[in-house]
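The task is to assemble the complex, starting from two chains supplied on their own in separate frames and drawing on the hints.
Here's the letter readout for the chains.
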Amino acid sequence: MKYSYYPGCSLEASAKGYDESVHYVFNKLGHELNEIDDWNCCGATYYMATKETISLVISARNLAKAEKKGWDIIAPCSSCYTILYKTNHILKNNRILREKVNQALRKVGLEYNLSVQVRHPLEVLVNDVGIETIASKAKKTLEGLKIAQYYGCQIVRPERGLDDKDNPRMMDDLCKALGAENVYFPMKTRCCGGMLMTTYPDVGLGLNKKLLECAEENNANLIVTTCPLCQINLEAYQNKINKKFETNFRMPVLFFTQIIGLALGGSPQDLGLHRSLIPFDLGEIKRKELR
Amino acid sequence: MTKGKEGQPQPGVLDEKEKELRDSFLLQVKNIPGGESIKKCIQCGTCTATCPVSYTMDITPREIIALFRAKEIDTILSSRTIWICASCYSCTVRCPQGVKVTDIIYSLKRLAIENEIYPKKFPVYALSNSFVWFVNRLGLSYEPGLILSYCLKTNPFKLFGMFPMFIKLALKGRIGFFPKKIKNTKNLSKILKEAEILENIIPMQES
Chain V
1 MKYSYYPGCS LEASAKGYDE SVHYVFNKLG HELNEIDDWN CCGATYYMAT
51 KETISLVISA RNLAKAEKKG WDIIAPCSSC YTILYKTNHI LKNNRILREK
101 VNQALRKVGL EYNLSVQVRH PLEVLVNDVG IETIASKAKK TLEGLKIAQY
151 YGCQIVRPER GLDDKDNPRM MDDLCKALGA ENVYFPMKTR CCGGMLMTTY
201 PDVGLGLNKK LLECAEENNA NLIVTTCPLC QINLEAYQNK INKKFETNFR
251 MPVLFFTQII GLALGGSPQD LGLHRSLIPF DLGEIKRKEL R
Chain W
1001 MTKGKEGQPQ PGVLDEKEKE LRDSFLLQVK NIPGGESIKK CIQCGTCTAT
1051 CPVSYTMDIT PREIIALFRA KEIDTILSSR TIWICASCYS CTVRCPQGVK
1101 VTDIIYSLKR LAIENEIYPK KFPVYALSNS FVWFVNRLGL SYEPGLILSY
1151 CLKTNPFKLF GMFPMFIKLA LKGRIGFFPK KIKNTKNLSK ILKEAEILEN
1201 IIPMQES
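Quick note, the sequences are listed as chains V and W, same order.
Each residue of the first sequence is one higher than the one before, starting from 1 at the first, in this note's numbering.
Each residue of the second sequence is one higher than the one before, starting from 1001 at the first, in this note's numbering.
FYI, nobody ran anything at the bench for these hints, they're computed from the structure.
Worth double-checking, as some hints may not be accurate.
Claimed, not checked - Pair by pair, the computed Cβ-Cβ distance ranges are:
1. W/Asn1155 with V/Asn248: 24 to 34 Å
2. W/Gly1045 with V/Tyr184: 22 to 32 Å
3. V/Asn113 with W/Arg1137: 21 to 31 Å
4. V/Lys107 with W/Glu1116: 27 to 37 Å
5. V/Asn248 with W/Gln1097: 37 to 47 Å
To be verified - Restricting the straight-line Cα-Cα distance to at most 25 Å, the calculated cross-link-like pairs of lysine-lysine (BS3-like) are:
6. W/Lys1193 with V/Lys92
7. V/Lys16 with W/Lys1168
8. V/Lys165 with V/Lys139
9. W/Lys1019 with W/Lys1039
10. V/Lys107 with W/Lys1181
11. V/Lys86 with W/Lys1030
12. V/Lys68 with W/Lys1181
13. W/Lys1181 with V/Lys69
14. W/Lys1172 with V/Lys209
15. V/Lys92 with W/Lys1030
16. W/Lys1158 with V/Lys244
17. V/Lys240 with W/Lys1158
18. V/Lys107 with W/Lys1186
19. W/Lys1193 with V/Lys68
20. V/Lys243 with W/Lys1158
21. W/Lys1168 with V/Lys244
To be verified - Covered by chain W, per the in silico footprint, the following chain V stretches (three or more residues, Cβ under 8 Å):
22. 3-14
23. 38-44
24. 64-73
25. 89-98
26. 125-133
27. 155-162
28. 191-200
Just so it is clear, CB atoms sit at the ideal spot from N, CA and C, and this is done for glycine as well.
So here's chain W without its partners, still in its complex pose (with noise of 0.2 Å):
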């Protein structure tokens, strides 16, 4: 919220920063087919009485979206709740309204890795950004190259915990030690390249 003279909040007056996000996640809401039901939350908290995680969350789900309604979208995307969400949709298909949280959660990612704004000492973004570095070179995700770069950029000691149960996997055969490639890396990039330049297209009409 922006603080006038005294520091006091401005009740209704956003500041420029929490403006632009608060646009940009209505716009990726806007995407989620059955997205404007975030409108229609009624609090009743099913969200995070279902979630498998939400024991561990500082910001819990039914808090999300109170908060948005608050105008607080930076503490959102500060906390560590976006983070640990496993995507599982439970809360989606117990919610009474037909809020679809998980989808939500997934923009407010986005909008967090794009305006980098993460919880301190928060590397989870890591492994998005490794798994994307892979895929958008070889076409296909290398697991060992990801789990390496994601400890390395986290904690480089995690790696001897993990030694014993690669030995098991490799010995079994479901170690894919060598990085794979598509035969079409070439065309595959021109498609990258296109779709870059189309994100950030916002369309001025609707459908």
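Bound-form chain V, shown alone (with noise of 0.2 Å):
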């Protein structure tokens, strides 16, 4: 299948590691990204926070580029995903916002009319490619990994119908499937804060620290994410975290496109793995092969 690619500003510097591996499980998995042509930033949360129609304008630049392809958009940063879903949720149900875009996108030539789905990559994976035909296409197995799945806060929420907002299960089962052991983490969707770890740090530290000793006291020995904010917050600040509450954290902290990817037989290289922080032990991967 054909899928609109937005990767986001993130995806191309902090997080690189995470477009490498969306694009090899996709392409392993027979399917096609194909990059929105000359799309810009969804705005974040920032754009938001300080004008209202321009920010709804220029994340529907990047709609109404994508729906010349008609294909449905995946956006696999978290905030990115949430931005554009927002938009379009806001513009089909506010006629008069609907109205004030459109007569800004159509000085270029551009209009948008609401033909586009916006979806996040662990969701398309779930639903278009199907667990059973992930797991059938493993060449490795994930067994001996003690996976703390941590989902954050913006694929979840607001409500959207993606998964449970409490308990979601996909990455668990997906990650199930795929040999690994899921522990008990019932900080799955507690925030991490997300940028008051540059502007409030005090508080930025504290979430990710009992994010951190809640994967750790379950003894995970690695945790999953679907953020590049959370895996920066829980990653990069380790050592400050490490220093402030004299606690001693080395937990890698991976995407879980990485993991899957891991399991379909991709190198390290492959998966952006060698650009992590805090080094993950491919022992136990490497060693057992499926029959």
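As structure tokens, this is what we get:
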């Protein structure tokens, strides 16, 4: 199947591993990702905090461009996914804002007619491809991995019917089918603080410390996540957290597509694993092969 | 609230500024799908209880709605609360009455920036402003520039603390050193100019 692809600013830099692994996984499963031509920044939370119509307009420019091809948009970054989805939702429900946005877009020959769907790769893999199909194509087993599945907030909230808001299970089911063990992780949808790590570092560090603690207490040897910001908050600040709270964390944090890619037989280079700050021991996965 | 003679507050009477803020706020809330649910708030406090950062807020989410009903928008806008909100939507999904708390807080953020009401020594809005500056010109965000400009506006010493992590990420190829631009920045400028004009137009009639 063909999809429009919206990487977003973070997948080009801080979450390059996510971009690399999403491409690997979709290609391996026989689906095409076509990057939206000349996409622009979705605006993230910052633009929405300043101007309403303008932020909807810059977000809608991407939707209008994707509409020309007619395929569903896949946006891996949970924040971009939420913003594009929200824009779509607001424009569908508010005629006045829709008119304003289209008036601005028409200045450059674009128009948005609400026909595009915005989707997250996790949901696409589970619903369009199917867990059984992915498991049947696995070349390696994920046995030995004890994963704390961290969904974060943007992918399940506000409710869009993507998964249960309190106890989502898509990533859990997918990884289980590939042989991994999911540890009990009640904080699976607790906020990591997002940009608070920059604006309010004390609060940000505290929130992430609780998440790491919960994962460690339940004997996870890996945290798997869907969002670039969550990944950076959980991975890159462990030293600062250790210093402040006198803890001893050294927990690898990966993107779910990197784990799926490993099961599908991808090399660490293919999946951007060499970009992790906290190395993940591939020992377990290397040795076991499926018959 | 307006103060009458001898400084007595006059119930039911709003001063000009408060009225203006209130009207702008209500207009924004109307644009939120499901925004009118704010009328249904029963002050149960579930939003505050579920909020991961309410412990550090000066006014809690529940209190924001209570203060709004008491006609104290100025107080709300001068609080740190709206800037600490991490936009995690926990409050929104748990509210038994369906109040769109997070989106209401976004409206308050916009109102505060428009009216330049900020809590003292509180430059969080500077991050949003820097971000918007870059996106308007490049069409993409430029993280190193963003962090640099934010730290310079707030506390330059923070940069030293960030340096080791910056180096580590750079060595892994996770920093975009040079700003990137979209191909069609001219088109983007045209769209933005039109959107700016439209932003300030308040329609006379409802749909």
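Status of the hints after comparison with the structure:
Checked against the given bound of 24 to 34 Å, the beta carbons of asparagine 1155 of chain W and asparagine 248 of chain V, roughly 29 Å apart, stay inside it. The hinted window of 22 to 32 Å between glycine 1045 of chain W and tyrosine 184 of chain V holds, with their beta carbons roughly 28 Å apart. Taken as a hint, the range 21 to 31 Å holds for the pair asparagine 113 of chain V and arginine 1137 of chain W, whose Cβ atoms sit roughly 29 Å apart. A hinted range of 27 to 37 Å holds for the C-beta pair lysine 107 of chain V and glutamate 1116 of chain W, which are about 29 Å apart.
Taking the beta carbon of each, asparagine 248 of chain V and glutamine 1097 of chain W are about 44 Å apart, inside 37 to 47 Å as hinted. With a C-alpha separation of about 23 Å, the suggested pair lysine 1193 of chain W and lysine 92 of chain V falls inside the 25 Å cut-off, and the hint holds. A C-alpha spacing of about 14 Å is found between lysine 16 of chain V and lysine 1168 of chain W, which places the hinted pair at or below 25 Å, so the restraint holds. A C-alpha spacing of about 32 Å is found between lysine 165 of chain V and lysine 139 of chain V, which places the hinted pair above 25 Å, so the restraint is violated.
Of the pairs offered as hints, the one joining lysine 1019 of chain W and lysine 1039 of chain W holds, with about 18 Å between alpha carbons and a cut-off of 25 Å not exceeded. The straight-line distance between the Cα atoms of lysine 107 of chain V and lysine 1181 of chain W is roughly 20 Å, inside the 25 Å bound, and the hint therefore holds. Straight-line distance between C-alpha atoms of lysine 86 of chain V and lysine 1030 of chain W comes to about 16 Å, which keeps the hinted pair within the 25 Å bound. Straight-line distance between C-alpha atoms of lysine 68 of chain V and lysine 1181 of chain W comes to about 22 Å, which keeps the hinted pair within the 25 Å bound.
With a C-alpha separation of about 23 Å, the suggested pairing of lysine 1181 of chain W with lysine 69 of chain V holds against the 25 Å cut-off. Between lysine 1172 of chain W and lysine 209 of chain V the alpha-carbon distance is near 24 Å, which keeps this suggested pair within the 25 Å criterion. Taking the CA atoms of lysine 92 of chain V and lysine 1030 of chain W, the gap is about 15 Å. The hint holds against a cut of 25 Å. Only pairs whose Cα atoms come within 25 Å are accepted, and lysine 1158 of chain W paired with lysine 244 of chain V is accepted, the gap being roughly 16 Å.
The hinted pair formed by lysine 240 of chain V and lysine 1158 of chain W meets the criterion: a straight-line CA distance of about 13 Å does not exceed 25 Å. Distance check on the hinted pair: lysine 107 of chain V and lysine 1186 of chain W sit about 11 Å apart at the alpha-carbon level, within 25 Å; holds. A threshold of 25 Å between alpha carbons decides the hint, and for lysine 1193 of chain W with lysine 68 of chain V the separation of about 24 Å falls inside it, so the pair holds. Of the supplied pair hints, the one linking lysine 243 of chain V and lysine 1158 of chain W holds, its CA atoms being roughly 17 Å apart against a limit of 25 Å.
About 20 Å separates the Cα atoms of lysine 1168 of chain W and lysine 244 of chain V, which keeps this hinted pair within 25 Å; it holds. Judged by the Cβ-Cβ criterion of 8 Å, the segment 3-14 of chain V is covered by chain W as claimed, because 4 of its residues qualify and three suffice. Evaluation of the coverage hint for the segment 38-44 of chain V: fulfilled, as 6 residues show C-beta separations to chain W shorter than 8 Å, against a requirement of three. Counting residues of the segment 64-73 of chain V whose beta carbon lies closer than 8 Å to any beta carbon of chain W gives 0, which falls below the threshold of three, so the coverage claim is violated.
Check on the segment 89-98 of chain V: 7 of its residues sit with their Cβ under 8 Å from a Cβ of chain W, so the three-residue criterion for coverage holds. Here the segment 125-133 of chain V counts 0 residues with a CB under 8 Å from a CB of chain W, which misses the bar of 3, and the coverage is violated. Only when three residues or more bring their CB closer than 8 Å to a CB of chain W does the claim for the segment 155-162 of chain V stand; here the count is 3, and the claim holds. Against chain W, the segment 191-200 of chain V contributes 8 residues with a C-beta closer than 8 Å to a partner C-beta. That satisfies the three-residue criterion, and the hint holds.
In this structure, the earlier hints numbered 8, 24, 26 are contradicted, and the remaining ones agree with it.
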